[in-house]
Every structure is written in structure tokens, then in C-alpha cells.
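Peer 1: The sequence shown begins at 592 in this note's numbering and counts up one residue at a time.
Here are the simulated distance ranges between beta carbons:
| # | residue 1 | residue 2 | range |
| --- | --- | --- | --- |
| 1 | Thr620 | Gln649 | 57 to 65 Å |
| 2 | Val621 | Ile654 | 54 to 62 Å |
| 3 | Asn633 | Pro658 | 35 to 43 Å |
| 4 | Asn633 | Asn657 | 31 to 39 Å |
| 5 | Asp653 | Asn633 | 28 to 36 Å |
| 6 | Ile632 | Asn657 | 36 to 44 Å |
| 7 | Ser656 | Glu624 | 58 to 66 Å |
| 8 | Gln652 | Thr631 | 33 to 41 Å |
| 9 | Pro629 | Pro658 | 47 to 55 Å |
| 10 | Pro626 | Asn657 | 50 to 58 Å |
| 11 | Leu644 | Val623 | 37 to 45 Å |
| 12 | Ile654 | Glu624 | 54 to 62 Å |
| 13 | Val623 | Asp653 | 50 to 58 Å |
| 14 | Lys622 | Gln649 | 49 to 57 Å |
Hint data in this document are derived by calculation from the structure and do not stem from the laboratory.
On a predicted model such as this, the values are computed, not experimentally measured, just so you know.
The C-beta atom is built at its ideal place from N, Cα and C for all residues, glycine as well.
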Amino acid sequence: MEHPPPRRLHRSLPAFLIAGSLAAACQPTVKVEAPKEPITINLNIKLDAEVRLKIEDQAKQDIKSNPDIF
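Kindly generate the complete structure, drawing on both the sequences and the hints.
Peer 2: Here it is, written out as C-alpha cells:
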């Protein structure tokens with residue numbers, strides 16, 4: 592296998608460097624930004640648990656006061 596003359600190698604090296612730089616510059620980038628609106632956290636689970644506890648307490652009182660219900 593014959594090697595190219597040194598002059599030809601010196602001419603093609605800058606072209607390869609430029610092509611490599613352009614290829615590296617075209618890589619996709621990912622930008623991470625803070626949201627423009629505040630984050631909302633829905634607390635329905637907590638409210639639902641409070642409602643269930645109140646109903647459960649009321650049911651226990653009703654069963655104690657009327658044991659013949661069931």
C-alpha cells in the first residue's frame with residue numbers, strides 16, 4: 592500500500608479538522624429550564640383521608656348507640 596505524499600496529507604488535514612469541528616457543533620443539545628408557572632401539588636389524598644376518618648368516627652358512634660342496626 593502506497594502512502595500519499597506528505598504535501599497531500601498536509602492539505603487534507605485542515606479539511607478533516609474543519610469537517611470534524613462542524614460535525615461536533617451540530618450535536619443536539621438539551622436545555623434544562625425552570626418552569627414559568629409554579630408547580631401545583633394536588634392534596635386530594637389528604638382531604639379524602641380526613642373525610643373518611645370523620646365518617647368512620649360517626650359510624651362507630653352510630654353503631655354504639657344502635658347495636659341492632661346490623
